[in-house]
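Now for the letters of each chain:
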Amino acid sequence: MEQQPEQNVTERQRTEPVVQQQERQEDQTAPEARVFETKNVSLWYSAFRAVTDVSLSVHENEITAFIGPSGCGKTTVLRTLNRMNDLVVGARVEGDVWYRGESLYAKDVSAIAVRRRIGMVFQKPNPFPKSIYDNVAYGPRINGIHNRGKLEEIVERSLRQAALWDEVKNRLKASALGLSGGQAQRLCIARTLAVEPDVVLMDEPCSALDPIATAAIEDLMHEIKSRYTIVIVTHNMQQATRVSDRTAFFSVLRDEKSDTRTGVLVEYGRTEQIFQDPQDSRTKAYVTGRMG
Amino acid sequence: MAVTAEPKVDLREPASWRRTKNRIVTALMYFALVLVIVPLGFVLFTVISKGASIISGQFLTAAIPPQVLPGGIGGMGPAVVGTLEITGLATLMAVPLGVLGAVYLNEYGGRNLLARLIGFFSDVMTGVPSIVMGLFIYAIWVVHFGFSGLAGAFALACLMLPVVIRSSDEMLKLVPNALREGSYALGATRARVTLTVVLPTAIGGIVSGALLAVARAAGETAPLLFTILTVTATNTNVFSGANTSLPSQIFSNAILPYSGAQSRAWGAALTLIAIAFILMIVARVITARFTRLGR
Ligand SMILES: Nc1ncnc2c1ncn2[C@@H]1O[C@H](COP(=O)(O)OP(=O)(O)OP(=O)(O)O)[C@@H](O)[C@H]1O
Ligand SMILES: [Mg+2]
Numbered sequence: 001m002e003q004q005p006e007q008n009v010t011e012r013q014r015t016e017p018v019v020q021q022q023e024r025q026e027d028q029t030a031p032e033a034r035v036f037e038t039k040n041v042s043l044w045y046s047a048f049r050a051v052t053d054v055s056l057s058v059h060e061n062e063i064t065a066f067i068g069p070s071g072c073g074k075t076t077v078l079r080t081l082n083r084m085n086d087l088v089v090g091a092r093v094e095g096d097v098w099y100r101g102e103s104l105y106a107k108d109v110s111a112i113a114v115r116r117r118i119g120m121v122f123q124k125p126n127p128f129p130k131s132i133y134d135n136v137a138y139g140p141r142i143n144g145i146h147n148r149g150k151l152e153e154i155v156e157r158s159l160r161q162a163a164l165w166d167e168v169k170n171r172l173k174a175s176a177l178g179l180s181g182g183q184a185q186r187l188c189i190a191r192t193l194a195v196e197p198d199v200v201l202m203d204e205p206c207s208a209l210d211p212i213a214t215a216a217i218e219d220l221m222h223e224i225k226s227r228y229t230i231v232i233v234t235h236n237m238q239q240a241t242r243v244s245d246r247t248a249f250f251s252v253l254r255d256e257k258s259d260t261r262t263g264v265l266v267e268y269g270r271t272e273q274i275f276q277d278p279q280d281s282r283t284k285a286y287v288t289g290r291m292g
Numbered sequence: 001m002a003v004t005a006e007p008k009v010d011l012r013e014p015a016s017w018r019r020t021k022n023r024i025v026t027a028l029m030y031f032a033l034v035l036v037i038v039p040l041g042f043v044l045f046t047v048i049s050k051g052a053s054i055i056s057g058q059f060l061t062a063a064i065p066p067q068v069l070p071g072g073i074g075g076m077g078p079a080v081v082g083t084l085e086i087t088g089l090a091t092l093m094a095v096p097l098g099v100l101g102a103v104y105l106n107e108y109g110g111r112n113l114l115a116r117l118i119g120f121f122s123d124v125m126t127g128v129p130s131i132v133m134g135l136f137i138y139a140i141w142v143v144h145f146g147f148s149g150l151a152g153a154f155a156l157a158c159l160m161l162p163v164v165i166r167s168s169d170e171m172l173k174l175v176p177n178a179l180r181e182g183s184y185a186l187g188a189t190r191a192r193v194t195l196t197v198v199l200p201t202a203i204g205g206i207v208s209g210a211l212l213a214v215a216r217a218a219g220e221t222a223p224l225l226f227t228i229l230t231v232t233a234t235n236t237n238v239f240s241g242a243n244t245s246l247p248s249q250i251f252s253n254a255i256l257p258y259s260g261a262q263s264r265a266w267g268a269a270l271t272l273i274a275i276a277f278i279l280m281i282v283a284r285v286i287t288a289r290f291t292r293l294g295r
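Taken in order, these protein sequences are the chains called Y and V. Letter by letter, the first sequence follows residues 1 to 292 in our numbering. Letter by letter, the second sequence follows residues 1 to 295 in our numbering.
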């Protein structure tokens, strides 16, 4: 977070008129502004190629949305970005993934170190069977923070950021399993924010939430964008248009001969362009609701 | 509402073959329940009615009289001490090893050859008759170092080990993968995931599985036959010298023709059941304690 002042400047600039903002975005292609860069990435689950040939770049302090029909590999691609697929027996990555200029899958890269910088919120809420407090304090404790006052401060700040503080402040010591589905998901978001990662990967974080909580999470994303880089998977097109700067549209390529289905990245660009001026007919069909 | 009005929809279940089947299966279930409860109740009733009058503080501590003496009940002190020593030592050997083994199988081994071999052999070990375990320890230990509580503990530990591995393994399998991933995603190492998420989630089940294995082992006679020699004197040194235990004393006293010895056997039987019962309650309490936050 040493770069914070500088990033705050960026945030201020974003509020300037649209034309100027767009100009700036276009020349933001400097390599150091790219948090992730993937080149021809394919992911195999044993002998099954789930996605193929994904090349995209994720930019700093932006929200990148992945959209596409169910089963097209959005989750799979998201999980290659913080090496979660290492945990799946038989999963194999081909191609190159760079994170801030470093090859993520290089031999001497530790998946543990990667995940400390790149946090993830899962499609299904997965609170630990511990107290609400211990759930949020879990990550900081891993990073060696044991000071009580410091932990309490982190817990409160994270829960506030995730719009959950008011609902749970009086029962921090109660089991997290007593929370409703939406509260549990916000707890998982707080848990991820507590370690102040560099990047937050969110896999359909709002699929279990009501519109109010969804709005709260979207506000949160806007708010933390100046400090984090966010990649979000969503099935909700309005959400993608509301929150994201760039959108990647994935689809399924069916091979008639061998009857296999492989996910492909169809189109990637600025969100306005993907939704208003899609270049690919499949994107057009999907975003206008005629497919998927 | 008019009483004679025809109901608009008929929500009653139609009389049908499904209903008859339901009745038959329900009746069969109750029958099976009785089939299980009656022998259990009978055993408990017999042991309690014959043993309750014998058990006392004195019985639990007094010496076992020489077996040729017809009169007098005496006590089971040496056997109580022996059983606690031997089972305790066996627990110390088998439970940590078994839990660690299960952790290896589930969290570390994955599908590698070693893990599959360990899983396979532990299953094979479950099927080994307990007397064979006793003979095995006799051949590799007792022949060289003589009878001792330690040898008996080895035999019991060999019996408990596969049971502890299997039951812990099942409990660890029940821990949802999503929890592990949640922890990994925060940058946890595998050891930390195991210690702070997997084991705490499964600990209730692991403890009750382990205590069930302990209760079983406490009641084993056959593996002790060739390993502790079953004497009548108290031996507080579990590591050397012949020892004794409740189940072996039940066996040797029950076959004697004297009523005193037989009463002693009943008393010992009830003591053993009481120990198992206490372990069961402890298991429940611990399970409830550990899962308080989990449920
Ligand atoms: N652990 C796994 N092992 C084998 N195949 C998998 C695994 N996880 C996902 N797949 C397969 O990979 C493909 C892509 O799955 P993925 O979960 O990435 O889809 P998705 O785009 O996230 O879908 P949804 O929108 O429904 O969440 C699917 O065909 C799926 O069956
Ligand atoms: Mg998904």
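Note that these hints are calculated values from the structure, not bench results. Quick caveat: nothing in here was measured; it's all calculated off a predicted structure. Just so you know, not all the hints are guaranteed correct.
Label-pair restraints from in silico Cβ distances [claimed, not checked]: (1) R148/Y / G88/V: 35 to 45 Å; (2) S226/Y / T189/V: 25 to 35 Å; (3) V88/Y / V25/V: 34 to 44 Å; (4) D255/Y / G127/V: 43 to 53 Å; (5) V88/Y / A254/V: 54 to 64 Å.
Where is the CB? At the ideal position from N, CA and C, for every residue including glycine.
These are the hints, each one checked on the structure:
1. R148/Y / G88/V: 35 to 45 Å: holds (38 Å)
2. S226/Y / T189/V: 25 to 35 Å: Holds, since S226/Y and T189/V (Cβ atoms, about 31 Å apart) stay within the stated range.
3. V88/Y / V25/V: 34 to 44 Å: holds (42 Å)
4. D255/Y / G127/V: 43 to 53 Å: The hint (43 to 53 Å, Cβ to Cβ) holds, given that D255/Y and G127/V are roughly 48 Å apart.
5. V88/Y / A254/V: 54 to 64 Å: holds (58 Å)
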